[in-house]
Structure formats: C-alpha cells, structure tokens
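Trainee: The residues making up each chain are set out below.
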Amino acid sequence: MTDATLRAAYADSDPHHVQGALVHSGPASKRIITGYGFWIFILSDMVMFSAFFATYAVLLGQTAGGPSGRELFDLRNVAIETGFLLASSFTCGLAMIAADARNKFWFQIAMAVTCVLGLAFLTIEAREFASLVARGAGPTRSAFLSAFFTLVGCHGLHVSAGTLWLLTMMAQVFAKGFRADIQRRLLCFALFWHALDIIWIAVFTVVYLLGSAV
Amino acid sequence: MTNGHENIGHPVDIAPGDEHLETGGIAERVYGYLTGLGLAILLTATSFFVAGTNLVWEPSIPVALVVLAIAQMGVHLVFFLHITTGADNANNVLALAFGMLIVILVIGGSLWIMANLNHNMMPMDQIMQMQR
Numbered sequence: 001m002t003d004a005t006l007r008a009a010y011a012d013s014d015p016h017h018v019q020g021a022l023v024h025s026g027p028a029s030k031r032i033i034t035g036y037g038f039w040i041f042i043l044s045d046m047v048m049f050s051a052f053f054a055t056y057a058v059l060l061g062q063t064a065g066g067p068s069g070r071e072l073f074d075l076r077n078v079a080i081e082t083g084f085l086l087a088s089s090f091t092c093g094l095a096m097i098a099a100d101a102r103n104k105f106w107f108q109i110a111m112a113v114t115c116v117l118g119l120a121f122l123t124i125e126a127r128e129f130a131s132l133v134a135r136g137a138g139p140t141r142s143a144f145l146s147a148f149f150t151l152v153g154c155h156g157l158h159v160s161a162g163t164l165w166l167l168t169m170m171a172q173v174f175a176k177g178f179r180a181d182i183q184r185r186l187l188c189f190a191l192f193w194h195a196l197d198i199i200w201i202a203v204f205t206v207v208y209l210l211g212s213a214v
Numbered sequence: 001m002t003n004g005h006e007n008i009g010h011p012v013d014i015a016p017g018d019e020h021l022e023t024g025g026i027a028e029r030v031y032g033y034l035t036g037l038g039l040a041i042l043l044t045a046t047s048f049f050v051a052g053t054n055l056v057w058e059p060s061i062p063v064a065l066v067v068l069a070i071a072q073m074g075v076h077l078v079f080f081l082h083i084t085t086g087a088d089n090a091n092n093v094l095a096l097a098f099g100m101l102i103v104i105l106v107i108g109g110s111l112w113i114m115a116n117l118n119h120n121m122m123p124m125d126q127i128m129q130m131q132r
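One line per chain: the protein sequences are S and Y, in this order.
All residue numbers for the first sequence refer to my numbering, where the first residue is 1 and numbers rise by one.
All residue numbers for the second sequence refer to my numbering, where the first residue is 1 and numbers rise by one.
One or more of the hints may lead you astray.
To be verified - Quick list of simulated restraints, FRET-style, between CB atoms:
(1) Y:Thr84 / S:Asn77: 32 to 42 Å
(2) S:Gln108 / Y:Met121: 57 to 67 Å
(3) S:Met48 / Y:Trp57: 33 to 43 Å
(4) S:Ala112 / Y:Trp57: 42 to 52 Å
(5) S:Val133 / Y:Met121: 31 to 41 Å
(6) Y:Met130 / S:Leu119: 49 to 59 Å
(7) Y:Val56 / S:Gly26: 54 to 64 Å
To be verified - Selected chain S positions facing chain Y (Cβ under 8 Å, derived; list incomplete):
(8) Arg31
(9) Gly35
(10) Ala54
(11) Leu86
(12) Leu94
(13) Ala101
(14) Leu122
(15) Ile124
(16) Ala202
(17) Thr205
(18) Leu209
(19) Ala213
By construction, these hints were calculated from the structure, which means they are not laboratory data.
Only a predicted model underlies this, so the values are computations on that prediction, with no experimental measurement involved.
Where is the CB? At the ideal position from N, CA and C, for every residue including glycine.
With the hints as constraints, model all of the structure from the sequences given.
Mentor: Next up, the structure:
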C-alpha cells in the first residue's frame with residue numbers, strides 16, 4: 001500500500017495520528033534515546049562551562065598586582081596540549097569505527113592510543129599547574145588566577161573522568177564484547193570525549209590566546 | 001556495515017554521534033575523520049599564528065581568534081560529532097541551538113552587565129576615601 005492510499009484510508013481519523021504513523025516506524029530505538037539524553041547532558045555541561053568562561057572573562061584584568069596571563073602562559077606548551085587532545089579525538093573516532101566493524105583488535109589499539117594521548121595532555125597540564133603554584137601564582141594569588149584554575153581545572157577534571165571511563169570501556173569490550181548496551185555506552189563515551197575537545201578549543205582561545213594578549 | 005541501528009527506507013532520526021545511514025564503508029568514514037583532523041589542525045595553527053604575529057592589524061586579533069574558534073567548533077561538530085544539518089538530525093541540532101542560546105546569554109549577558117557596572121562605578125580609591 002502506498003502512502004497516498006494509506007492517507008485516503010485514514011482520512012476520517014485523527015490527522016496527527018495518521019501523520020505520525022506514516023512518518024515514524026514506531027518508538028525511537030534505545031540507541032537514539034540514550035544518545036539524545038546524553039547529548040542533553042553534554043549541552044548542560046557546556047552551559048556550566050559557559051558560566052566559568054564568563055567568570056574568567058570578567059576577572060581577566062583583576063590580577064591584584066600579581067602576574068598577568070602574558071607573563072604566566074607558555075603558548076608552546078598549550079600548542080602541544082592542543083595537539084595531543086586533537087589527536088586523541090581523532091583516534092577516539094577511529095575506535096568507534098572499529099567498534100561498528102566489530103573489530104576488537106583495532107578497537108583496543110585505538111582506545112589505548114586515545115588513553116595515552118589523554119594522559120599526556122593531563123601530565124602537561126599538571127606540570128603547568130605545579131609550576132604556576134611554585135612561582136607563587138596559585139589560585140589564591142588573585143581573582144584572575146582563581147578563575148583560571150577553576151576553568152582549566154574543571155576541564156582537566158572532565159578529561160580525567162573521561163580517561164577513567166575510557167579504561168572502563170576497554171575492559172567492558174574485552175570482557176563482554178560488542179553487545180548492544182556496550183555499543184550505546186561507546187556512543188555516549190565518544191560524544192563526551194569529542195565534546196571535551198570542543199570545550200578545549202574555547203579554553204585555548206579564550207584563556208590562553210586572548211588571555212595572554214591582555 | 002551498520003552504525004548499530006537498523007536501516008529503514010525513509011529518513012528517521014539518528015542518535016547524536018551516529019553518522020548518516022547512507023554513509024559507506026570503513027575507508028570512507030576514516031576519510032571523514034581525516035578531513036576533520038586536517039581542518040582542525042589548519043584552524044588551530046592559524047589561531048596560534050594570528051595570536052603571535054605582528055603581521056595582522058592588532059585590534060582585529062581578538063575578533064579573528066573568536067571567529068577561528070567558532071569555525072573549529074563547527075568542524076568538530078560536523079566531522080567528529082556528526083551533528084549536521086541533515087533532516088534526520090533535526091532534534092540534535094535543535095537541542096544544540098537551545099544550548100548555544102543559553103551559553104550566549106550567560107557569557108554575553110555577564111560581560112555586558114559587568115562592563116556597564118565598571119563603567120558606572122567610581123574608581124576604587126575614591127570609594128575608599130568616602131568610607132573614611
């Protein structure tokens with residue numbers, strides 16, 4: 001039966017219902033619902049970050065006589081961090097392709113590379129924080145530095161949590177294989193990891209590049 | 001090759017992060033990620049170059065950096081998160097649009113209000129003198 005004859009047959013009944021019955025093949029799959037819910041979470045996370053970005057932008061000049069961004073930030077370090085995170089986003093994408101192809105070997109390889117790149121990023125960030133504190137530019141020095149440590153530290157915490165999640169997913173695929181529920185978790189994990197990279201774009205632009213111009 | 005969901009003949013919604021149902025084999029998808037990576041590297045390198053150069057008129061640098069950042073976010077959304085303008089992506093894009101609205105209100109509103117307050121407030125040393 002074509003759509004036109006279906007429409008004719010149901011012409012007298014509730015038009016919204018018929019419309020719905022023709023366009024959709026039933027309730028959305030669990031994968032769509034899970035992914036959509038997680039997408040909403042990520043967007044709310046971005047709203048939270050926007051508050052931190054606003055705080056940083058407002059407090060950028062409030063150095064209380066302490067060091068400013070131009071004196072503190074090492075842009076070469078930031079560029080390396082950016083490279084690591086970008087590469088990890090790419091390998092995360094490769095891992096998801098491997099997962100769709102049900103290839104355990106390449107999935108684990110790509111996830112392991114993603115994990116190493118994430119840890120390299122965290123190491124550089126931790127060393128930067130340690131050197132700032134050692135130079136007397138810790139979060140208690142000025143409002144500017146409080147905002148800086150809150151914003152960048154919050155992103156770092158997200159990456160740390162993401163790395164733990166990554167290792168969990170490697171273990172789950174190893175133990176349980178590519179079941180439908182594991183694939184849904186992988187979808188959410190990939191969304192999370194790519195979203196972290198998007199937030200990092202805002203961090204390196206606003207915090208480091210614009211922050212060291214002031 | 002499936003993306004973990006059944007292929008149905010007419011356009012349906014897809015989960016955020018999933019690629020279009022029609023997209024082909026592994027090589028094609030890897031190529032998509034490579035394109036995204038290349039564009040992202042290009043935009044990042046431009047950002048860092050613009051921030052450190054004297055070749056560009058200086059007051060234009062902040063604007064250029066913001067534009068480059070937004071462009072790179074777009075690249076990530078399309079090539080990595082697969083949030084595109086396709087008909088099957090409408091729900092995901094609408095959620096994103098609402099999120100962006102809130103983000104713009106929070107950041108833009110804060111900067112606006114605080115700049116206004118700073119503008120209207122007496123310099124701090126004069127306030128200190130009044131309190132004496």
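Trainee: Now, for every hint given, state plainly whether the structure supports it.
Mentor: Hints versus structure:
1. Y:Thr84 / S:Asn77: 32 to 42 Å: About 34 Å separates the Cβ atoms of Thr84 of chain Y and Asn77 of chain S, which means 32 to 42 Å holds.
2. S:Gln108 / Y:Met121: 57 to 67 Å: 58 Å, holds
3. S:Met48 / Y:Trp57: 33 to 43 Å: 35 Å, holds
4. S:Ala112 / Y:Trp57: 42 to 52 Å: Roughly 46 Å apart at Cβ, these two residues keep to the hinted range, so it holds.
5. S:Val133 / Y:Met121: 31 to 41 Å: 32 Å, holds
6. Y:Met130 / S:Leu119: 49 to 59 Å: Since Met130 of chain Y and Leu119 of chain S have Cβ atoms about 54 Å apart, the given range 49 to 59 Å holds.
7. Y:Val56 / S:Gly26: 54 to 64 Å: Holds: the Cβ-Cβ distance is about 55 Å, inside 54 to 64 Å.
8. Arg31: Check passed: Cβ of Arg31 of chain S comes within 5 Å of chain Y, closer than 8 Å.
9. Gly35: Holds: closest Cβ of chain Y sits about 3 Å from Gly35 of chain S, inside 8 Å.
10. Ala54: Because about 4 Å separates Ala54 of chain S from the closest Cβ in chain Y, which is inside the 8 Å limit, the hint holds.
11. Leu86: Holds - the Cβ of Leu86 of chain S comes within 8 Å of chain Y, reaching about 6 Å at its closest.
12. Leu94: At 7 Å from the nearest chain Y Cβ, Leu94 of chain S passes the 8 Å test, so the hint holds.
13. Ala101: 6 Å, holds
14. Leu122: Cβ of Leu122 of chain S sits 19 Å from chain Y, so the hint is violated.
15. Ile124: Hint violated; Ile124 of chain S Cβ to chain Y Cβ min 16 Å, cut 8 Å.
16. Ala202: It holds, given that the least Cβ distance between Ala202 of chain S and chain Y is near 6 Å, below 8 Å.
17. Thr205: With a closest approach of 4 Å, the Thr205 of chain S hint holds.
18. Leu209: 4 Å, holds
19. Ala213: 7 Å, holds
The structure does not agree with the numbered hints 14 and 15 stated previously, though it agrees with the rest.
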